[in-house]
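Could you build all of it, start to finish, from the sequences and the hints given here?
Quick note, the sequences are listed as chains A and B, same order. Letter by letter, the first sequence follows residues 1 to 265 in the numbering used here. Letter by letter, the second sequence follows residues 1 to 340 in the numbering used here.
Some hints here could point you the wrong way.
Listed below are the simulated DSSO-like cross-link pairs for lysine-lysine, each with C-alpha atoms no more than 30 Å apart in a straight line [what the hints assert, rightly or not]:
id: 1; chain 1: A; residue 1: LYS215; chain 2: A; residue 2: LYS107
id: 2; chain 1: B; residue 1: LYS168; chain 2: A; residue 2: LYS239
id: 3; chain 1: A; residue 1: LYS227; chain 2: A; residue 2: LYS213
id: 4; chain 1: A; residue 1: LYS87; chain 2: A; residue 2: LYS195
id: 5; chain 1: B; residue 1: LYS90; chain 2: A; residue 2: LYS213
id: 6; chain 1: A; residue 1: LYS146; chain 2: A; residue 2: LYS107
id: 7; chain 1: A; residue 1: LYS215; chain 2: B; residue 2: LYS90
id: 8; chain 1: A; residue 1: LYS65; chain 2: A; residue 2: LYS227
id: 9; chain 1: A; residue 1: LYS146; chain 2: A; residue 2: LYS193
id: 10; chain 1: B; residue 1: LYS168; chain 2: A; residue 2: LYS227
id: 11; chain 1: B; residue 1: LYS230; chain 2: A; residue 2: LYS239
id: 12; chain 1: A; residue 1: LYS146; chain 2: B; residue 2: LYS230
id: 13; chain 1: B; residue 1: LYS186; chain 2: B; residue 2: LYS34
id: 14; chain 1: A; residue 1: LYS239; chain 2: B; residue 2: LYS335
id: 15; chain 1: A; residue 1: LYS227; chain 2: A; residue 2: LYS215
id: 16; chain 1: B; residue 1: LYS186; chain 2: B; residue 2: LYS90
id: 17; chain 1: A; residue 1: LYS195; chain 2: A; residue 2: LYS107
id: 18; chain 1: A; residue 1: LYS87; chain 2: A; residue 2: LYS213
id: 19; chain 1: A; residue 1: LYS227; chain 2: B; residue 2: LYS34
id: 20; chain 1: A; residue 1: LYS87; chain 2: A; residue 2: LYS65
id: 21; chain 1: B; residue 1: LYS168; chain 2: B; residue 2: LYS186
Derived by calculation from the structure, the hints in this document are not laboratory data.
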Amino acid sequence: MHIIVPIKQVPETNAVRMDEETGTMVREGVAAIVNPLDLYAIEVAIRLREAHGGNVTALSMGPPKAASALREAIAMGCDGGVLISDKAFAGSDTWATSYVLAAAIRKLGNADLTVCGERATDGDTGQVGPGIAGFLGLPVLTYVSKVDAVADGSVRVHRLVESGYEVLEADLPCVLTVVKEAADPRLPTLRGKQKARRADLPVWGPDDLDVEKDKLGLAGSPTRVVKIFRPTVARQCEKLPAGSDAAIAAAVDRFAALVRERGVG
Amino acid sequence: MAHEGVWILAEQEAGRVQRVAHEMLARGRALADKRGCALTAVAMGSGLRDDDLRELTERGADAVIAMEAPALEHFLVEPHAACLAWLIQKRRPEVLLAGATTTGRTLLPYVAVQVDAGLTADCTVLDIDDETGGLLQTRPAIGGNILATIRTPTHRPQMATVRPHSTKPASRDRKPAPEGGAGMEKRIERLAAPAELLASRVRRVGFAAAEEEQSLQDADVIVAVGRGIKRAENLPLVREFAEALGAALGATRDVVDRGWLSYPHQIGLSGKTVTPRLYVGVGVSGSVQHLAGMQTSATIIAVNSDADAPIFCVADLGLVGDLFEVVPALTVRLKALRTG
Numbered sequence: 001m002h003i004i005v006p007i008k009q010v011p012e013t014n015a016v017r018m019d020e021e022t023g024t025m026v027r028e029g030v031a032a033i034v035n036p037l038d039l040y041a042i043e044v045a046i047r048l049r050e051a052h053g054g055n056v057t058a059l060s061m062g063p064p065k066a067a068s069a070l071r072e073a074i075a076m077g078c079d080g081g082v083l084i085s086d087k088a089f090a091g092s093d094t095w096a097t098s099y100v101l102a103a104a105i106r107k108l109g110n111a112d113l114t115v116c117g118e119r120a121t122d123g124d125t126g127q128v129g130p131g132i133a134g135f136l137g138l139p140v141l142t143y144v145s146k147v148d149a150v151a152d153g154s155v156r157v158h159r160l161v162e163s164g165y166e167v168l169e170a171d172l173p174c175v176l177t178v179v180k181e182a183a184d185p186r187l188p189t190l191r192g193k194q195k196a197r198r199a200d201l202p203v204w205g206p207d208d209l210d211v212e213k214d215k216l217g218l219a220g221s222p223t224r225v226v227k228i229f230r231p232t233v234a235r236q237c238e239k240l241p242a243g244s245d246a247a248i249a250a251a252v253d254r255f256a257a258l259v260r261e262r263g264v265g
Numbered sequence: 001m002a003h004e005g006v007w008i009l010a011e012q013e014a015g016r017v018q019r020v021a022h023e024m025l026a027r028g029r030a031l032a033d034k035r036g037c038a039l040t041a042v043a044m045g046s047g048l049r050d051d052d053l054r055e056l057t058e059r060g061a062d063a064v065i066a067m068e069a070p071a072l073e074h075f076l077v078e079p080h081a082a083c084l085a086w087l088i089q090k091r092r093p094e095v096l097l098a099g100a101t102t103t104g105r106t107l108l109p110y111v112a113v114q115v116d117a118g119l120t121a122d123c124t125v126l127d128i129d130d131e132t133g134g135l136l137q138t139r140p141a142i143g144g145n146i147l148a149t150i151r152t153p154t155h156r157p158q159m160a161t162v163r164p165h166s167t168k169p170a171s172r173d174r175k176p177a178p179e180g181g182a183g184m185e186k187r188i189e190r191l192a193a194p195a196e197l198l199a200s201r202v203r204r205v206g207f208a209a210a211e212e213e214q215s216l217q218d219a220d221v222i223v224a225v226g227r228g229i230k231r232a233e234n235l236p237l238v239r240e241f242a243e244a245l246g247a248a249l250g251a252t253r254d255v256v257d258r259g260w261l262s263y264p265h266q267i268g269l270s271g272k273t274v275t276p277r278l279y280v281g282v283g284v285s286g287s288v289q290h291l292a293g294m295q296t297s298a299t300i301i302a303v304n305s306d307a308d309a310p311i312f313c314v315a316d317l318g319l320v321g322d323l324f325e326v327v328p329a330l331t332v333r334l335k336a337l338r339t340g
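So this is what it looks like as structure tokens:
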């Protein structure tokens, strides 16, 4: 099986500093990690390779330092990685990102399965997995909590929805987005880290892909961020001690009153 | 032909229109009124009920489009997307809203690619720009630590998903239509889905209902339990409290990682995002990744023995004490209120 795992490098911490003047976020000095849900996607892909043979290629669109995320994926067990990087891609929204990643997947060729993490912790949209499938003209199964089986050119999964789990079967090739329940990510091994250090990571730009230049980056993105701001903290916490019996009784009174006041329960 | 009109996706499951559709009607009505255009509800399914569709008009839709086929009974991305894209291309709405449910978050990005539209996920505020008439879409990012306002300058329709339970459902107006037909006549249009749109390379072969009666995302009230509970054996006291409050039970990542509750209970960055009317955290410290999943709840109450627990920074009311004393006392009071 040929499995592709698009991954994203994201800031380690969600504590963000803002440049008040320009209304933009300050990312310098913040450590970068592989998007946590992508680790689950990598694990799912590696387990499928272990069961069915083949190879797993990690793919990432980002600045040059995103290469370290690809090396982490290789250290976990991916067979190789490709970095999609160029100034032309800067400022891409999820539509433009999906467009480019789909072009890269097409160039890699013959993918049976593309496995993504359900969403990234910074952008938090969950749109790129379905977007990639849309551009590839393939079905997408989202919120996959378990890959049950791959057989006879199809994959069977459990999909976690609000009311329970759907059991779905999809023809290959297709795209999956996975949630935490799908698999426990393994740790990188020493041998994996050595392999990752030595790995040759191709870097592809717009000329390496079959893409239209006017669909790239900020200019190619249908959506534009107009402003970024901090939410105003509207809440004042009324903190009540609840140590003694008397204090607990008073706190319970206040709880009941607040619940009634807010029209709940 | 220019793009015109606000559409909302009236999500349905097995023939019944879901509550999130009424929330979208409230959002859509406000936008349509400001933009000076019509509001249309679009439902795709099988065996859609007359009264459900009529209710959409009673709750604010000027028109309803109901596209039906057995293949649309349950959500499968390809036939639903093909039908929605077909409708969009024929009728050219200017705005399309859907709930940010598992369906909405899958269907809309897929369709956005097919119809070359801009999409913003998980919006908390939607407005019409006074100058341009364009849709202003505001949403949280970075775990809710910042808000971003987004526009879609030229691509149409402008699409957005809205977090479920962040809007009061549009109320039902039972007044009869005015005499003389001064307003728009409400139209319910039933269409058979064109057969060529219904191909699906995905098949639904089974379904297992969730073990909890109430799904977290549909719950008005949630009690979340954290590591302060110390042992799985102590869960019954929290369950009793949740039951007395009429709440669904949620959990932090710590509790799920320890196997005390299953993953569908998990609230946070790698779990669910919830927006209930009331969230009560019991023994929850309030890690950044947990807060990201619940900090937009309407009312937040926390019980924790540590006065400096970060959860109190986002709470309206904090009870600083031993949960093993406080929670049973709360349960007793709640039970008395119910019987009294």
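When you check the alpha-carbon spacing of A/LYS87 and A/LYS65, does it fall within 30 Å? With Cα atoms ~13 Å apart, A/LYS87 and A/LYS65 stay inside 30 Å; holds.
Pairwise hint evaluation, A/LYS227 against B/LYS168, where the allowed Cα distance is 30 Å at most: Distance ~27 Å between B/LYS168 and A/LYS227 Cα, so the pair holds.
Pair hint A/LYS227 and A/LYS213, alpha-carbon separation not exceeding 30 Å: 26 Å, holds
Does A/LYS213 lie within 30 Å of A/LYS87 when you go C-alpha to C-alpha? It holds: about 12 Å lies between the C-alpha atoms, which stays within 30 Å.
With a cut-off of 30 Å on the C-alpha distance, tell me whether B/LYS186 and B/LYS90 pass. 20 Å, holds
Could you grab the alpha-carbon distance between A/LYS215 and A/LYS107 and see if it respects the 30 Å cut-off? 17 Å, holds
Assess, step by step, whether the Cα of A/LYS215 is no farther than 30 Å from the Cα of B/LYS90, and give holds or violated. 24 Å, holds
What's the verdict on A/LYS227 and B/LYS34, does the C-alpha distance respect the 30 Å limit or exceed it? Status holds; Cα separation ~22 Å.
Restraint check for A/LYS146 with A/LYS107, where alpha carbons must lie at most 30 Å apart: 28 Å, holds
Holds or violated: B/LYS90 and A/LYS213, Cα atoms, limit 30 Å. 29 Å, holds
Would the pair A/LYS146 and B/LYS230 pass a check requiring their Cα atoms to be no farther apart than 30 Å? Holds, because 29 Å separates the two Cα atoms, which is no more than 30 Å.
Hint check: A/LYS146 vs A/LYS193, CA-CA at most 30 Å. Holds or violated? Holds: A/LYS146 and A/LYS193 sit about 28 Å apart, inside 30 Å.
Violation of the numbered hints given earlier is absent; every hint is satisfied by the structure.
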